[in-house]
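What follows is the residue order along each chain.
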Amino acid sequence: MLDGSHHAYSADSAFTFEGNWQDFARIALPNLLLTIVTLGIYRFWATARERRYLWSRTRFVDEHLEWAGTGMELFAGFVIVLVLFGVPYFGVSFVSQALIARGYEALGSALGVAALLSIFYLGGVARFRALRYRLSRTRWRGIRGGSDSKGFAFGLSYMWKTAVGWLPLGLLLPWSMTSLWNERWSKMSFGPFAFRSDGEAGGVFARFLLFYLAPFVLFVGGVIMAGMGMLAGYGIGGENGVALGGLVGLIGLVLFFYLGLGLIAVAFYAKFYREMVGATRWRDLRFSFEASTLDWVKLLLGDALLVVFTLGIGLVFLSYRHWKFFMTHLEASGEILLDELTQSRTRTAGHGEGLLDAFDMGAI
Amino acid sequence: MRSTWARSEPMDTSFQLAAEWYDGRSALRHAGELHWDGHAGLVLHAPTAHAEFAVDDLQFADTRPRQIIYRRKSQPDFRLILPADMPPGLAARLPRPSTYGRWIDRLGLGRAAAIFAVTSAAAVALFLTAPAWLGPRIPAGWERQIGDALIGDFGGRICHTPAGDAALAKLLAKVDPADNAQDKVRAGIANMDMANAVALPGGQVLLFDGLVQQAESPEELAGVLGHEVGHVRERHVMTALLRQFGMSILLAGADSGVTNGVFGLAAMGYSRDAEREADEYARARMAESAISPLGAADFFARMADERSDSEDGPAVLGWLASHPSAGERAQAYRAAARTAPAYPPVLSDAEFAALKSMCADDPDVAEFDFF
Numbered sequence: 001m002l003d004g005s006h007h008a009y010s011a012d013s014a015f016t017f018e019g020n021w022q023d024f025a026r027i028a029l030p031n032l033l034l035t036i037v038t039l040g041i042y043r044f045w046a047t048a049r050e051r052r053y054l055w056s057r058t059r060f061v062d063e064h065l066e067w068a069g070t071g072m073e074l075f076a077g078f079v080i081v082l083v084l085f086g087v088p089y090f091g092v093s094f095v096s097q098a099l100i101a102r103g104y105e106a107l108g109s110a111l112g113v114a115a116l117l118s119i120f121y122l123g124g125v126a127r128f129r130a131l132r133y134r135l136s137r138t139r140w141r142g143i144r145g146g147s148d149s150k151g152f153a154f155g156l157s158y159m160w161k162t163a164v165g166w167l168p169l170g171l172l173l174p175w176s177m178t179s180l181w182n183e184r185w186s187k188m189s190f191g192p193f194a195f196r197s198d199g200e201a202g203g204v205f206a207r208f209l210l211f212y213l214a215p216f217v218l219f220v221g222g223v224i225m226a227g228m229g230m231l232a233g234y235g236i237g238g239e240n241g242v243a244l245g246g247l248v249g250l251i252g253l254v255l256f257f258y259l260g261l262g263l264i265a266v267a268f269y270a271k272f273y274r275e276m277v278g279a280t281r282w283r284d285l286r287f288s289f290e291a292s293t294l295d296w297v298k299l300l301l302g303d304a305l306l307v308v309f310t311l312g313i314g315l316v317f318l319s320y321r322h323w324k325f326f327m328t329h330l331e332a333s334g335e336i337l338l339d340e341l342t343q344s345r346t347r348t349a350g351h352g353e354g355l356l357d358a359f360d361m362g363a364i
Numbered sequence: 001m002r003s004t005w006a007r008s009e010p011m012d013t014s015f016q017l018a019a020e021w022y023d024g025r026s027a028l029r030h031a032g033e034l035h036w037d038g039h040a041g042l043v044l045h046a047p048t049a050h051a052e053f054a055v056d057d058l059q060f061a062d063t064r065p066r067q068i069i070y071r072r073k074s075q076p077d078f079r080l081i082l083p084a085d086m087p088p089g090l091a092a093r094l095p096r097p098s099t100y101g102r103w104i105d106r107l108g109l110g111r112a113a114a115i116f117a118v119t120s121a122a123a124v125a126l127f128l129t130a131p132a133w134l135g136p137r138i139p140a141g142w143e144r145q146i147g148d149a150l151i152g153d154f155g156g157r158i159c160h161t162p163a164g165d166a167a168l169a170k171l172l173a174k175v176d177p178a179d180n181a182q183d184k185v186r187a188g189i190a191n192m193d194m195a196n197a198v199a200l201p202g203g204q205v206l207l208f209d210g211l212v213q214q215a216e217s218p219e220e221l222a223g224v225l226g227h228e229v230g231h232v233r234e235r236h237v238m239t240a241l242l243r244q245f246g247m248s249i250l251l252a253g254a255d256s257g258v259t260n261g262v263f264g265l266a267a268m269g270y271s272r273d274a275e276r277e278a279d280e281y282a283r284a285r286m287a288e289s290a291i292s293p294l295g296a297a298d299f300f301a302r303m304a305d306e307r308s309d310s311e312d313g314p315a316v317l318g319w320l321a322s323h324p325s326a327g328e329r330a331q332a333y334r335a336a337a338r339t340a341p342a343y344p345p346v347l348s349d350a351e352f353a354a355l356k357s358m359c360a361d362d363p364d365v366a367e368f369d370f371f
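From first to last, the protein sequence lines are chains A and B.
The UniProt record's numbering puts the first residue of the first sequence at 1, with every later residue one more than the last.
The UniProt record's numbering puts the first residue of the second sequence at 1, with every later residue one more than the last.
Just so you know, these hints were derived from the structure itself, not from any lab.
Which chain B residues face chain A? A few, computed with CB under 7 Å, are given here:
id	residue
1	Tyr22
2	Leu28
3	Asp62
4	Ala117
5	Gly156
The beta carbon of each residue, even a glycine, is placed where N, CA and C say it ideally should be.
My request is simple: use the sequences and hints to build the entire structure.
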């Protein structure tokens, strides 16, 4: 493999995670301490340290990944967003309130709405740029990824596609989500080659319909439960028993409703990621993501239990758990020609994912 | 696949060791030897590639189990992978691996954490106390400009009639002795059915019509007006504004932007000490102008009844509430009253009536709606 001219594989998993939580704790716990004593400023450096660990313990085929991003550039990104967007936003809301106070309610409200719309737009740009930033700082065999687009066009797509997705009672959301995924990934590249993605909404639409059926199913089930509770209560304690039984049934219904809805959301996202990762390609590589709904439920339940039983300290381990989950279930198959995998020529931004950081979102 | 130097021959000199590298132009891996001349020069040699550069060209990039990765300043994409257990002489020449970041590595984790903690505590203390000492030092002219920018003319919601304006001006002159017109507090009655009064940034005081309707004597209004003027004169408004500004920075993420503004200003609180200072100010001006404090005492007594906290109520509650308890305040006003000579009425009955009917009689005033 040293000449690296041609490489094919199939037996083992292409992505392997070799980290362990004890090593990660030696990074995450001092990070927590430093973040607290610096009033949160250290979190940018903490993020970079965590990623350096997670990436360097992740092997793709025969070489480890490298995270080449720095804490300073994340901090710079945050400051840029604060100055470029935070200050104008503050100014606009100030002017908008001053207008309302003077009796120009319509103008003031319009200005407020414009500020909210621009946040919506920047949210789309931020999603794009976060992915671009992560790819541009991820190195494998010295090669990095990136994008030639700055994401401003994607911000517009994000706005109108999301709006159209919600309009017919949310029925087109699977379309807007898949379409935005395709659009975003198709503008990304690694080395000289672009990613391609052609996922279709049809694949996830059936799962999405669960959201619409669920309330009815749950409601009917809940009414039956409440009725049975009342009957049982009547059997035990007459009139008072009915009230008590009905109440127990009602509490059951509410719990059932929220848990049921959460479960449907997990089932939808599990299917969505399987579909979309499966529809994403790079050169001759095909990807797949094999996490079932049950895997996701286990991950999220584990997260919740970890955080609760460590009184919140477990929060610092969630990034580890999620990365490991992601890498365990991610697969790739195909061929890489190492001598044609040359360095990316995309421009890189000198600052981090400040925009996304400001809106508090994840990259994928 | 196994790492390359695991298979290489035992090293015969301390100046040569197995190395792997990527040139940053393609993904091809080069495996060979690193030769160090003992000074500043490094040579990488492999069957597939050859490179020469200075030790100073290397920068630390990353650590892996038993490996350290360097990049080159002159070629940022270049990656040199060396075993972590390299000869000590070479290790001393190479850039040190970074753990926490440059400052913290230099200080050590414990010392850095202690220094940061002390600095942060000082910053928090400064931030929390800043409104109290910074507020009174901000020039009144600036405050007026901020106030005008925030409130303007209140959207025409302030009631005006010639007789009412005259009565209000007379009342104000007695509790606000400032001579020149520019420094004078601007008072108005807002067309809003709430028993409340506010001091706004820029020396603007508003009595709400609800409060005026509730007042049983002009002395009550003089007491409330004097109290709000006290907030302006003691510079409490700027302090409260700065405090609210600080809070809005802290809560920047949670704040939707619609909630603050005028209504936030109206709701912004003063400290208990500030309320006491404003009360003391009001009593001093009323004493100077020979206004009976019994009206204000009645007002607070009525407030005390409404809130069902009495003069004998537990002192702890009064201490916890942001305002001093109404009962306590009623008592303080009553104690300030002199026994003789009797106080002249602050306004004539006609003037008091003009204040009461001001909002009903103003045809141009705007309704105070929240939207």
